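Trainee: Spelled out, the chains give:
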Amino acid sequence: MSKVPVNYKRTDMQSDQEVKWCPGCGDYTILASVQSFMAELGISKEKMVFVSGIGCAARFPYYMNTYGLHTIHGRAPAVATGVTLSNPDLSVWVVSGDGDSLSIGGNHLIHALRKNVNIKILMFNNQIYGLTKGQYSPTSEEGKKTKSSPFGSVELPFNPMSVALGAEASFVARSVDMDRDLTTQVLQEASTHKGSAFIEIYQNCNVFNDKAFEQLTSKEGRVANRINLVHGEKVIFGAEDEFAVTIENGEAKIAKRTDIDDSQIYVHDITRENPSVAFSLSRLSHGPYGPTPMGVFRKVQRETYNEDVMKQIDFAKDSKGDGELDKLVRSLGTWDVK
Amino acid sequence: MSKVPVNYKRTDMQSDQEVKWCPGCGDYTILASVQSFMAELGISKEKMVFVSGIGCAARFPYYMNTYGLHTIHGRAPAVATGVTLSNPDLSVWVVSGDGDSLSIGGNHLIHALRKNVNIKILMFNNQIYGLTKGQYSPTSEEGKKTKSSPFGSVELPFNPMSVALGAEASFVARSVDMDRDLTTQVLQEASTHKGSAFIEIYQNCNVFNDKAFEQLTSKEGRVANRINLVHGEKVIFGAEDEFAVTIENGEAKIAKRTDIDDSQIYVHDITRENPSVAFSLSRLSHGPYGPTPMGVFRKVQRETYNEDVMKQIDFAKDSKGDGELDKLVRSLGTWDVK
Amino acid sequence: MDEPKLKIENKTVESIPAVTIRFAGDSGDGMQLVGTRFTDTSALFGNDLATLPAFPAEIRAPQGTIAGVSSFQVQIADFDILTPGDNPEVLVAMNPAALKAHLHDLAPNGMLIINEDAFEEKNITKAGYKIDPRESGELDGYRVFEVPMEKLTKEALKDSEIKGRAILRSKNMIALGLISWVFNRPLEDTINWLNKKFEKLPEVADANIKTLKTGYNFGITVEAFHHTYVVEKAALPTGEYTNINGNIGLSWGLIAGAKLSNLELFYGSYPITPASDILHELSKHKNFNVITFQAEDEIAAAAATVGASFTGKLAVTGTSGPGLALKSETISLALSAELPMVIVNVQRGGPSTGLPTKPEQSDLLFALYGRHGESPLPVLASRSPSHAFYTAIEASRIALKYMTPVILLSDNYVATGSEPWKLPDISDLPSLTNNLTTTNNSKDGFLPFHRDMTTFARPWAVPGVPGLEHRIGGLEKEEGTGNVSYDSANHQYMTDMRAWKIANIANDIEPLELNGDEKADTLVLGWGSTYGGITQAVNRLNEKGVKVASAHLTFINPFPDNLGEILSNFERIIIPELNTGQLIKLIRERFLIDAKGINKVAGEPFTAQELAEKIEEKINE
Amino acid sequence: MDEPKLKIENKTVESIPAVTIRFAGDSGDGMQLVGTRFTDTSALFGNDLATLPAFPAEIRAPQGTIAGVSSFQVQIADFDILTPGDNPEVLVAMNPAALKAHLHDLAPNGMLIINEDAFEEKNITKAGYKIDPRESGELDGYRVFEVPMEKLTKEALKDSEIKGRAILRSKNMIALGLISWVFNRPLEDTINWLNKKFEKLPEVADANIKTLKTGYNFGITVEAFHHTYVVEKAALPTGEYTNINGNIGLSWGLIAGAKLSNLELFYGSYPITPASDILHELSKHKNFNVITFQAEDEIAAAAATVGASFTGKLAVTGTSGPGLALKSETISLALSAELPMVIVNVQRGGPSTGLPTKPEQSDLLFALYGRHGESPLPVLASRSPSHAFYTAIEASRIALKYMTPVILLSDNYVATGSEPWKLPDISDLPSLTNNLTTTNNSKDGFLPFHRDMTTFARPWAVPGVPGLEHRIGGLEKEEGTGNVSYDSANHQYMTDMRAWKIANIANDIEPLELNGDEKADTLVLGWGSTYGGITQAVNRLNEKGVKVASAHLTFINPFPDNLGEILSNFERIIIPELNTGQLIKLIRERFLIDAKGINKVAGEPFTAQELAEKIEEKINE
Ligand SMILES: Cc1ncc(C[n+]2csc(CCOP(=O)(O)OP(=O)(O)O)c2C)c(N)n1
Ligand SMILES: Cc1ncc(C[n+]2csc(CCOP(=O)(O)OP(=O)(O)O)c2C)c(N)n1
Ligand code: SF4
Ligand code: SF4
Ligand SMILES: [Mg+2]
Ligand SMILES: [Mg+2]
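Chains as they are written, first to last, in our numbering: chain A, 1 to 338; chain B, 1 to 338; chain C, 1 to 621; chain D, 1 to 621.
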């Protein structure tokens, strides 16, 4: 997609629709981050398309002053696939919730990632069904008491990063609503990625699941628990950089820096073809509890589905010439009745 | 499930239905393996249930002299979930194809695995849609020419082992139709596993995708390319055991034994809590090409969904007593009209 | 502050037969709670009542806007009523948006209580008013009472441990207290309820109670309110009553269906408004051996339910329109495998995501014809919260007796509205039969498709039963053996059998009953949630001397046996529906009768008044 | 071996107007190929023809069993025919199972050619015969010819490079050669075809050609076959013809629809019998800018198609019954968002997985009512392979002009049967309009739901067009702005508008035409694939002097404007359908006419004979 110099302000990205999330919802911050980011993306706004499913998060397209399609529950990646296949020149963004993406929509998500369709998928993970007023979701922690699990849920949640990596995702990243800088960085990396990008954004639902991400957003938690993944850099974290991540026996581990030599520290490389290390990083936490990696896990270039489809069409036209109906209807052989 | 000593012969496991696969189809061999195995499982046959979706593979239940339900395309794991939840005392097996499990049924598969529902899922992977006469499937190799991809498919296939591991599967294994011994071993391991088991069985479709697994089944291929994973043993392979698998920098690699010290060889451990190593093993091949790991990748004990559900019910009955309708209808408060 | 004196001093008390009150405010203002409390107190007091909650599809839409307004309407009466009332005689508006959204419904000369503290310029503009409605003259013709609810709350709580803006959370209690005064309702019940609810937060309980009393006392004190009303106890049939909404009635009916059939209940579902509360309710009752399965989507929910049915459960799946669409293929499997199953569909406004929190009856034809192939199944509908209890049992009965999926329709109006329900004697409920079997039915091995020759049901042999191992699926099956069969004659036979089995149920259901003037020329025929509205409209017309009768279908497929005869006794058939005309299509087709529809697709139930007028119009046409 | 002499010596040649031949054998026996070759040769020769292939749902069911039998029927004629014939006059049976499965259809005194080498005891038992049918007397009344096809093949190929059992693969060529002799068809065309097909395997081409000639020569040589037949060229309208089946006709029609509307075609699908061939065919034609998307399931296929429509493509999704069930929710989204889209449903036997390779017309009501909420959309049906071409264009036209999803029904009979098609002059095909826009339609910003006041279609502004950015979805939308609206009056208005928009299409479609005796009392009304059968039956009855007319609907929703008037001109309406009565419900409901059905749900089309008899019965009732 050729970038033309377009200069927008954040307000240019705001539609005239009133934003209808609950006061205090983390979605507001993400909306602000995305609007600011899109304003500076350098693409004119008629080329931007936001596609969503159903859920609180999925109201997102209404608030973007771009083309937008609010579809049905779980199907946004498939709809977006149709959009980008039809016009590869568009910048296509999917906005979804944890239920929308990982419960009803899990299959479309993994297939879009596998195919490397050129769409960017933002999953706002509040670990709850917001719009339907608070049932547990496939990312809710085990034992969670909700309306539909009054005695506690008995399901191990998905680790969304692991799911995406297991599904051959070429770009996988994580951010959190409150951290606008990190969100912007991650969006930036995604926007320069050819193919599908999967971005999990932890998002506080202050009505049905308040403070789910406190360990990563509270004053202390954010310094203690965020493991920032930066390409090319040693993975070090903690209030005083006192911890590091190592890769030992095929597993990512957390070590006190005093216990290891600095040379043992894992140096993050988002471009590794083999997703094994990215996967092992994803296992450092199972949800936003304790030390949790944030940022880009993986960004690997691979042909996109769209490009390949277009290549076949171009090839067919080059080799057979533009299709003509006259020839088509005669292609099985004809005879004359006189 | 308590095992009572039941002695069956293979023929006891055969239903009176004529087997209707194409002559030469790999499904016959798998059927033989499964029938022999089930005969010796020590469970009486009225407790066995085979559930399937739609496809050639999915005809399987008709040929087992047990309870069987041939359902609809892709939904067998969900149907089987209902079966095992309703009667945890049953031995519930799902039989499915690569299209059934990974195309239309991908979401049910990953959710069943995540929840650790007590069902055993056999996916016969012939890398093609057999029943609909030969379209590419999500496990077909890139560039595959089929009726629906006359110019070659442009999709990266799933790596089914990676998908399952990314979805928190507690048991993951692979076999191949021709190898009845390996299939039996793997079935044996699965049957003693508490929770969901995912077993990929490479299966030759001699009509639409003949010889897809030649690199693992031909005389030379089977010695050269099969990496047999055996719990507690060093992973060594090759006609003369000349190759080994090592775990280096978080990735599984193949090394010539002459290039490494034997102590560097990975010793297989199916019980590792952390799925990272199993995942990295799954990346040794992307399909049945070249050296490919076979056998059990992972077998980790974790509470099953069924057990947890039953515990809550038992707990509720213990604490509140058996439900009584009289009390129920009064539970919101009543008043009298006189 | 002293305990308010509950003696009637300084006031005139007028006795009225019924009143309809609507509470309206911001989604965050707690109107549902106020409404429910007032309802429960009135129920305890002995009124008959019916309620209609309404809330936006957003969890909490922007404060102060029309989109964010939530409301709760209740009619209380000293006689037997069927609807939550037409136009309210009392409207409580907590802010300008609530006023704007609801004023047009208020009855002429109605009582309008507004929270004057909310009428700041900002809020007035947000609500879309150009000028303050209190000054524009548009409130002329109503009895307006401006109450400084926020000021009163702050004063009441000035010594409370609750501080800052949190104080204002209690302001809904001003409204509740005040309305309690005006309608002479004691506070005790609500005080007890508050103490229990906030057991662990006594300061919150305390704050709410204080504010509640302040509202009540405001009524006592302020001159304006000295005229108060009382609605006496209703002369309901004697008995023990509880107040339920349709989702609860339906849930309990399913539990009862399981008990009565000696089976265990399996409920597979995926959350969706307005059906989710069935999942919530059932998941509480695990001590009834109820398994609730929250699936990854509606397809999985239905599929697991098929698995549960195959394994011998009373297997139920519940959803709303979009979810029913997703379940279609799976229902067709159950139908083909002839497995018993209940599919609950709580209808809402469509198409697509539509109006998720509004009632509509627009899924009827979908329920009847919403499957590929020839796939008939029974369809029945609940007409009210208590009827939902009985229809859930009835749907279970039919499914189990005839080995078929059954669709049970409810809608948002039945599901969320409430009414007093006279508790049945549980021991009087019928026990339900099923086709479970443990014995072989032929010497050549078990025949899963060997039918019972009265019901045409096949036997139900479930895994675990030795000797009856068998295999079935969704391909066409041979009669008897159940083996896959592509034979032409067999397909014709099985198709006919499946159709006949369902048609035959017509003999096994309650005949249709007439209400109103049986000798009239005109019959108003309805189904589902329009019951209250239609019946009340017809009763009113009868009182006025208009000759008209009504009848209400529980079964839409098959029709009760006597429907044709009843219809033939009337010259004019009128069919009101909250859709563009669906039952009417079935009636016209089957009986070749030129029935006329009264239709509305506006996300709202019919009011009795509206129906009475339209019925009269049609009669006079 | 010499070139067979094509002069007619030693034989009587009888000229007959038409003949129906059925080839039947094991799935592996190549019957479809033999049938297709004979068909193509006859087409080239100038006969009119129609075909009916039939194969089992298994890829290759067990050899020698009835389940494994595959067949191909073709009628060739020297006049204009509409069906593949009723009972075949010639049956070729490659083994006992094929005989058992098809003998009962063979016309009295019909010619029966059997492969005698296959009549070994093993095969006879496998087919379910207790004794050899050749000895049981059950072949009495037919003209039986036993041909040692395997022996002949082996002899023919004794010097071939092909060895072992592979030789027998060519035995179907004996049958083709022999039938070619009996019906005086030259071999050249098939020889050329074989040479081309096996260009890279000349030894295979050679073996097949040798066997083909052997079969032909067997006819020349063997006394028994000296009586041969010729079906002369049909007096078809002059023009250029090709032979197509319905899936190809439909695929080409979609490509044409895109060309004629100056759009690009997007086809999203998931393989399913019998619709898969549309995906296969379209994926070949990428040089027409056709994008085919094989999705992970039917929901994704439909969803991607909605995305393509939003982005300005002629967006089409195709499937069969179970897949249509899965697409229901997504179609409802397109309907609510008012996006143009064509949904192709190739019907097969249901319910559930049913009879996947058999024709049935049982999805009609599902197409009409198979969505939650009030969700009307146009439904049309193809009646024949060539008609599929035109209906695909017509469905595209309606979708694009009215901004609506359109359901186009086909069925297994239309989809896999073939007929000669007189090619249209491409330049005569109409160009199709659409609602694409690049200009703003209001000074307050673009209004995506501002409708055209003749078609009620909304404008189609697609991503990439500057200034028309807008956002829509499946929640109810405000007329004009398209913003989410929960307003009651707006919902009523939009519901009415959506209904009216579709109803209004009745003015824009071809009026219904009458066939047969226009003055008759009886009208036979049909839709879809029964066209050939009904028309031929009515024509035969007319010839017999029975007064009856017929009419065939292309649009089932809305009905063509003149339908009511036409119906009112007849006293008796008969509606034959391959279902239990679906169109008839619509007709009875709409026109309050006591129409009578002729129904069959046996996985087979009606034969003309069967229909003629039943129609006459109804007339005489
Ligand atoms: C087919 C269908 N099933 C169910 C629903 C009801 N529903 C709407 S949103 C939602 C889940 C919302 O959770 P999530 O995706 O996490 O989004 P959030 O509201 O938390 O942002 C559900 C179950 C629906 N609209 N459609
Ligand atoms: C809802 C639905 N969609 C599509 C089909 C058609 N269909 C039947 S089996 C199949 C795929 C078969 O492939 P696979 O699962 O790999 O099984 P195999 O036949 O190869 O064993 C498809 C697409 C169907 N029966 N139902
Ligand atoms: S319910 Fe939760 S996620 Fe939804 S808008 Fe409110 S705070 Fe946000
Ligand atoms: S098509 Fe392939 S998978 Fe299916 S039965 Fe035949 S050989 Fe086996
Ligand atoms: Mg969520
Ligand atoms: Mg397969």
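It is possible that part of the hints are untrue.
Said to hold, decoys possible - Straight-line distance between alpha carbons at most 30 angstroms, and here's what the computed DSS-like set of lysine-lysine pairs gives: (1) B:338 to C:422; (2) A:147 to B:320; (3) B:211 to B:147; (4) D:158 to D:130; (5) D:596 to A:9; (6) A:211 to A:133; (7) B:327 to C:443; (8) D:596 to D:614; (9) C:443 to B:320; (10) D:596 to B:211; (11) D:233 to D:200; (12) B:144 to A:311; (13) A:317 to D:284; (14) A:327 to B:311; (15) B:211 to D:163; (16) A:338 to D:233; (17) D:443 to D:422; (18) D:130 to D:197; (19) B:145 to D:154; (20) C:130 to D:443; (21) B:144 to D:200; (22) B:147 to A:145; (23) B:219 to D:122; (24) B:194 to A:234; (25) C:401 to B:327; (26) B:338 to A:317; (27) C:197 to A:145; (28) D:197 to D:126; (29) B:147 to D:122; (30) D:284 to B:133; (31) C:163 to B:327; (32) D:284 to C:443; (33) A:145 to B:144.
Worth flagging that the hints you see were computed from the coordinates, not collected in a lab.
Fair warning: this is a prediction, and the values are worked out from it, not measured in the lab.
Trainee: Against each hint, give a clear statement of whether it holds in the structure.
Mentor: Quick rundown of the hints versus the structure:
1. B:338 to C:422: holds, 12 angstroms
2. A:147 to B:320: With a Cα-Cα distance of about 19 angstroms, the restraint between residue 147 (chain A) and residue 320 (chain B) holds, given a limit of 30 angstroms.
3. B:211 to B:147: holds, 18 angstroms
4. D:158 to D:130: Judged against 30 angstroms, a Cα distance of about 35 angstroms means the pair is violated.
5. D:596 to A:9: Roughly 69 angstroms separates the two Cα atoms, so the pair is violated.
6. A:211 to A:133: Judged against 30 angstroms, a Cα distance of about 16 angstroms means the pair holds.
7. B:327 to C:443: violated, 47 angstroms
8. D:596 to D:614: This hinted pair holds, its Cα atoms lying about 11 angstroms apart.
9. C:443 to B:320: violated, 47 angstroms
10. D:596 to B:211: violated, 56 angstroms
11. D:233 to D:200: Violated, because 35 angstroms separates the two Cα atoms, which is more than 30 angstroms.
12. B:144 to A:311: holds, 16 angstroms
13. A:317 to D:284: holds, 12 angstroms
14. A:327 to B:311: Cα-Cα ~69 angstroms, so violated.
15. B:211 to D:163: holds, 22 angstroms
16. A:338 to D:233: With Cα atoms ~11 angstroms apart, residue 338 (chain A) and residue 233 (chain D) stay inside 30 angstroms; holds.
17. D:443 to D:422: violated, 51 angstroms
18. D:130 to D:197: With Cα atoms ~41 angstroms apart, residue 130 (chain D) and residue 197 (chain D) exceed 30 angstroms; violated.
19. B:145 to D:154: The hint is violated at about 34 angstroms.
20. C:130 to D:443: holds, 23 angstroms
21. B:144 to D:200: holds, 21 angstroms
22. B:147 to A:145: violated, 50 angstroms
23. B:219 to D:122: At roughly 35 angstroms apart (the allowed maximum being 30 angstroms), residue 122 (chain D) and residue 219 (chain B) break the hint.
24. B:194 to A:234: Violated, because 40 angstroms separates the two Cα atoms, which is more than 30 angstroms.
25. C:401 to B:327: Satisfied, since the Cα-Cα distance of roughly 27 angstroms is no more than 30 angstroms.
26. B:338 to A:317: Distance ~86 angstroms between residue 338 (chain B) and residue 317 (chain A) Cα, so the pair is violated.
27. C:197 to A:145: Holds - the C-alpha atoms of residue 145 (chain A) and residue 197 (chain C) are around 18 angstroms apart, at most 30 angstroms.
28. D:197 to D:126: Violated, because 34 angstroms separates the two Cα atoms, which is more than 30 angstroms.
29. B:147 to D:122: violated, 36 angstroms
30. D:284 to B:133: Given that 30 angstroms is the threshold and the Cα spacing comes to 17 angstroms, the pair holds.
31. C:163 to B:327: Given pair residue 163 (chain C), residue 327 (chain B) is violated - Cα atoms ~41 angstroms apart, limit 30 angstroms.
32. D:284 to C:443: Measuring from Cα to Cα gives roughly 55 angstroms; hence the hint is violated.
33. A:145 to B:144: violated, 48 angstroms
This entry does not satisfy hints 4, 5, 7, 9, 10, 11, 14, 17, 18, 19, 22, 23, 24, 26, 28, 29, 31, 32, 33, going by the numbered hints stated previously.
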